[in-house]
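There are 4 protein chains.
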Amino acid sequence: MLGDVTNPTGKSFGSDNHAGAHPAVLAALAAANTGDVIAYGDDDLSRRAEAMLCSASGAAQALLVFNGTAANVTGLSLLLRPFEAVICAETSHLNVDECGAAERILGSKLLAVPTPDGKLTPDLIARRLGGRGDEHRAQARVVQLAQLTEVGTCYSLPELRAIRDFCRENGLLIYIDGARLANALAQLGCPLTDLAACADVLSFGGTKNGALGVEAILIMTGSLAATALFQRKQLMQLSSKMRFLSAQIVGLLEDDVWLKNAEQANAMARRLATAISGLPGVRLAFPMEGNGVFAEMDQELARALQPHWRFHVWSASGNGRCVVRLMTAFDTTEADVDALVGAIRERVIHVKQPAS
Amino acid sequence: MLGDVTNPTGKSFGSDNHAGAHPAVLAALAAANTGDVIAYGDDDLSRRAEAMLCSASGAAQALLVFNGTAANVTGLSLLLRPFEAVICAETSHLNVDECGAAERILGSKLLAVPTPDGKLTPDLIARRLGGRGDEHRAQARVVQLAQLTEVGTCYSLPELRAIRDFCRENGLLIYIDGARLANALAQLGCPLTDLAACADVLSFGGTKNGALGVEAILIMTGSLAATALFQRKQLMQLSSKMRFLSAQIVGLLEDDVWLKNAEQANAMARRLATAISGLPGVRLAFPMEGNGVFAEMDQELARALQPHWRFHVWSASGNGRCVVRLMTAFDTTEADVDALVGAIRERVIHVKQPAS
Amino acid sequence: MLGDVTNPTGKSFGSDNHAGAHPAVLAALAAANTGDVIAYGDDDLSRRAEAMLCSASGAAQALLVFNGTAANVTGLSLLLRPFEAVICAETSHLNVDECGAAERILGSKLLAVPTPDGKLTPDLIARRLGGRGDEHRAQARVVQLAQLTEVGTCYSLPELRAIRDFCRENGLLIYIDGARLANALAQLGCPLTDLAACADVLSFGGTKNGALGVEAILIMTGSLAATALFQRKQLMQLSSKMRFLSAQIVGLLEDDVWLKNAEQANAMARRLATAISGLPGVRLAFPMEGNGVFAEMDQELARALQPHWRFHVWSASGNGRCVVRLMTAFDTTEADVDALVGAIRERVIHVKQPAS
Amino acid sequence: MLGDVTNPTGKSFGSDNHAGAHPAVLAALAAANTGDVIAYGDDDLSRRAEAMLCSASGAAQALLVFNGTAANVTGLSLLLRPFEAVICAETSHLNVDECGAAERILGSKLLAVPTPDGKLTPDLIARRLGGRGDEHRAQARVVQLAQLTEVGTCYSLPELRAIRDFCRENGLLIYIDGARLANALAQLGCPLTDLAACADVLSFGGTKNGALGVEAILIMTGSLAATALFQRKQLMQLSSKMRFLSAQIVGLLEDDVWLKNAEQANAMARRLATAISGLPGVRLAFPMEGNGVFAEMDQELARALQPHWRFHVWSASGNGRCVVRLMTAFDTTEADVDALVGAIRERVIHVKQPAS
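Residue numbers (the working numbering), protein chains in the order written: chain A, 1 to 356; chain B, 1001 to 1356; chain C, 2001 to 2356; chain D, 3001 to 3356.
Just so you know, the hints here were simulated from the structure itself, not pulled from any lab data.
In this text the structure is predicted, and so the values were computed from the model without any measurement.
Virtual Cβ for every residue (Gly too), placed ideally from N, Cα, C.
There's no promise every hint is true.
Computed Cβ-Cβ distance ranges for the label pairs, DEER-style [unchecked claim]:
(1) L3129(D) to A27(A): 41 to 49 Å
(2) P1114(B) to P3023(D): 56 to 64 Å
(3) G1189(B) to Q2306(C): 51 to 59 Å
If we strip away everything but chain A, and leave its shape as in the complex, we get:
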């Protein structure tokens, strides 16, 4: 457990993965542990989890896998042949944080696009469409979006629909990395079906939102589902005691735990962003549109706080300043936020205003 005299509540702002599991998830796990069931998903609980996911999203098929990297790679495997390429944001998790899994497992090239805010647009996508039909070039086939993006921004529905329309006109498929899909939905206030309708395949993240470890791949187009079971197994993502992945999904979806979790995380991020964005020497590096606050501050300040709140220093800004990433989770409380805000405020005033 993190904890420190300086951080009175001990809550980490390092990652939504630093949080544990929601009690409803643990309760569902325990409830699933009764007697024998067939392995590999041929059990009632797994059928129920899949039905709940398909019903909530409009998907033709829902497949559970172990983690987010696997969801991305397995999901993309349904859409790509090795000579086809993926257009993605340069900052995307797929491109930066998955140790080259996509290249190794899929054999496909990632066509990374610099973006101002982690979000692709039809214009940015169009810049990567050169060389289609030219056998010397990897052929752009899939546009990969993350919702939320890696820098905490959230595509609006009109933005997503504009991309979807552009992709359809240009023979491109869409994959959405939904590791923080719940936070996006809480931000947009729209049903999952609206979001899912903008993708051919998308992932539905459980791990960062209160599960122990489970992600779902939602396949919106039935014809893409034919190979999915084989791809999942060959990509080492088929759980034998599937009921324990399924139970986590059921625990999250029942009583809208997943949405409430996301709303709580987002509310706490909003509280945090609101409180610190007015402080001297602190500004938001990206719009706060989910459960991540990207704040620019003095490196000296970041260094003083970091050991206690465990956040990531995202990038250096020059001039002795840096951007830090402050993530909230389903179990972040107002007290947790206020403690961090207090520490920043105290030091900002202390550091910045000796002359006043």
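The hints should help you fit chains B, C and D onto chain A, whose structure is shown.
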């Protein structure tokens, strides 16, 4: 839950994966769910799980992954370049039941060897060593054993050491698929270190022995560990909330739960094998050396029992007979076994001996 | 150059690859070397070569690649996803002699079948069809045949058509490795269209039949051609100065040089087989149905001849005997054959019949 | 053959691949076509070619392959594991023009770096070194340079040595794509050994410099050679009739044909660059340092000339202007250059200066 009037206890003999989780594992999970910890294994519980595994086995490093296929492929990835090949039993899980994961992920050829009982020997290995040094041939580099084997047999320590010596003399490395390693140790009555010393890398199965889903890769040679973290991540096996994999390992290793689980499963298989091998028209297809009973019987009998006890029909034997696989688990009871034995005995006598 | 007092003509029987290029091929190369042309196949000579191949075979598209391994792997790439498997003869070049290229490049499992004579049959194929639809198994999708086979045998048209019908009924595609397709046609006396109609994709070998180094992939089904140009390029088989591959094809196809070459090689193999199969202590290990003679003889005899005629010792037969592979080429002459026959006859009589 | 009334000599400036083969290469091919030799490189001519390459470069081993993409991928395969990444210029052939072969075949990520002139520097390389040791990131391991670069520029020896020193200090290996290595040497006037000493592995291009189609991989570090033969075969680059690749190398290296070819091509590019860089409305987009002239001109002018001189329009510059790539080859003559210069001059004056 499986259950049927004909199967009074409802216990499946289909797979050790049909069983749920041991209470100690669930308790460890719940205990791990307190407060925030750093993700990806940089937490005390994960360090403790790794230390326990290394201490029990003599391994230089222990890595947790999600399932058995992943353990095999990730473990082998530490030992192979793509032009190098794996000698394995034709019946091995790696060769038959992993949807070609090894070929896809590693790019390596499997050199499968027919065996009488699922076990390789120096002689059988030697038959696959042709063409070494010939650039036209995939180069044999790793011998893959399973302990227990896929047909329930168990290598003795002398057998393993003979293979190890042969491999060292011939420039071959050894990987052991230990999905049922605990059952093998319970059978052999030797410490894990003795078994592990026969391998360069091996897996340590948790899932089939009372976990929800976790396997460990034990790396016996320190120099092989350098790339392991990267391979695990790139192969989509790095858990973000690692503590929940680690807790399962700790739950199994504390108080020797893992060994007691395996001993119980093995004792129940022994009880089953002993009871049915003397029945008319029933014989063991392979020596019973762990928690699996492979019994040959009339297909008609198998068909009558199968819907109630959910076992796999392993193979057809001709003449209207077949081999069925009957697996016990950590939670199989004497009553479970006796119910199955009773059903077989009743039908064998009914079916076979009307004329007497 | 091979040569020896003991081998008066210096001709190797080691491989049809030991022969050089046919004069017509070299002449076509020289003729192609006039002025500038667009690279990568967008030139008149390349269009002519493709048109000749399509016309002769009925193919929808013909792609030139550098060697036989590449033709096999690139050809198969048009038919397979990584979780799909290839049924092939255990002795096939694809399985034995390509250093695991198929596994590495395609990610697919090869389901190798023992055969008595290198030839698959519907029955042999059917034995490898277990587990279709089961996500744990690599899914059989392509049957790979070689015509000629690796042991010199030749499928008859009825045999091929029976396999084709079986495959169509069972959702399997057919790839034919035609490294020695010309020799098969010379043996069967049928047009290429008859043979090609039994495949979805096949290779057309030039290298072993008088070219310097070129193979064609013939794509019989137009819809499979869509990805072929990209697969060829990504698999490193697109020649920039394509005219020099195309010229070799034109040199072979004009005036039926390719068929005449194959007829000459086959005639010389027939002459050799006829002459030695009647000698004491020599027998044919496989039917002679092309340009390869597989002869069983005493190892002592094989060892005496081998340094001079450079043939491969194919396998040991026990009892001090072995099978040797004696290959003829387009430029093997009657004098070459008679010299080898004479050397065998002399030693057989000398070695075998001192007592007479 | 290209040709047009407007292009009096018919010479293409589209690519050094539009040229045919040098007579010395064809003569060497014909000379190699005498009698039988062992296949796959075990022949005297192949040994001679390898010895000549090693002697000229200081390499421990030299391997012939079919084309430039294969040389790059096979060469890199000696240096990389799949989780390791390649730092390369964004404009590099490896990144842009090889249809994603590196990603598919090696499984490795390319870390592409924008450059002003196609050349990497220690500073540019250092920007891509973030995340080393972090299991979430593909690990930078190889720096890939092209000499000449894809935009025709040439690293000086001091530039290369600075990169080499930086790489050694930072645990990075160097691969040089030498598709136009001869042109670089002709530009630098230094021996091949000086250049080769800056790499761990490099390719030596034959195809663009008068061969029909052959590239060599030069392995500077003996320990890297151990796996090379297997990698070449598995990557489908082992020629059976190797003598015909080797003959091309011998034909180029004997009498320094390769250097004379490169000097001629470079001299013609210099003549072209000098003549047109002074014309109104024409300027060089990159320094002319080999056999490629990248000239910016009006799109209208480019469009008028392109069908006759077959050059590539490299990029659009805005304002109705574009950059065209004009390549010379070993057989480009002064008359060829002067004809193109004349056509440009005439149109530049005609188009640009009606008002004068």
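So, going through the hints one by one against the coordinates:
1. L3129(D) to A27(A): 41 to 49 Å: holds (46 Å)
2. P1114(B) to P3023(D): 56 to 64 Å: Since P1114(B) and P3023(D) have Cβ atoms about 58 Å apart, the given range 56 to 64 Å holds.
3. G1189(B) to Q2306(C): 51 to 59 Å: Given about 54 Å between the Cβ atoms, the range holds.
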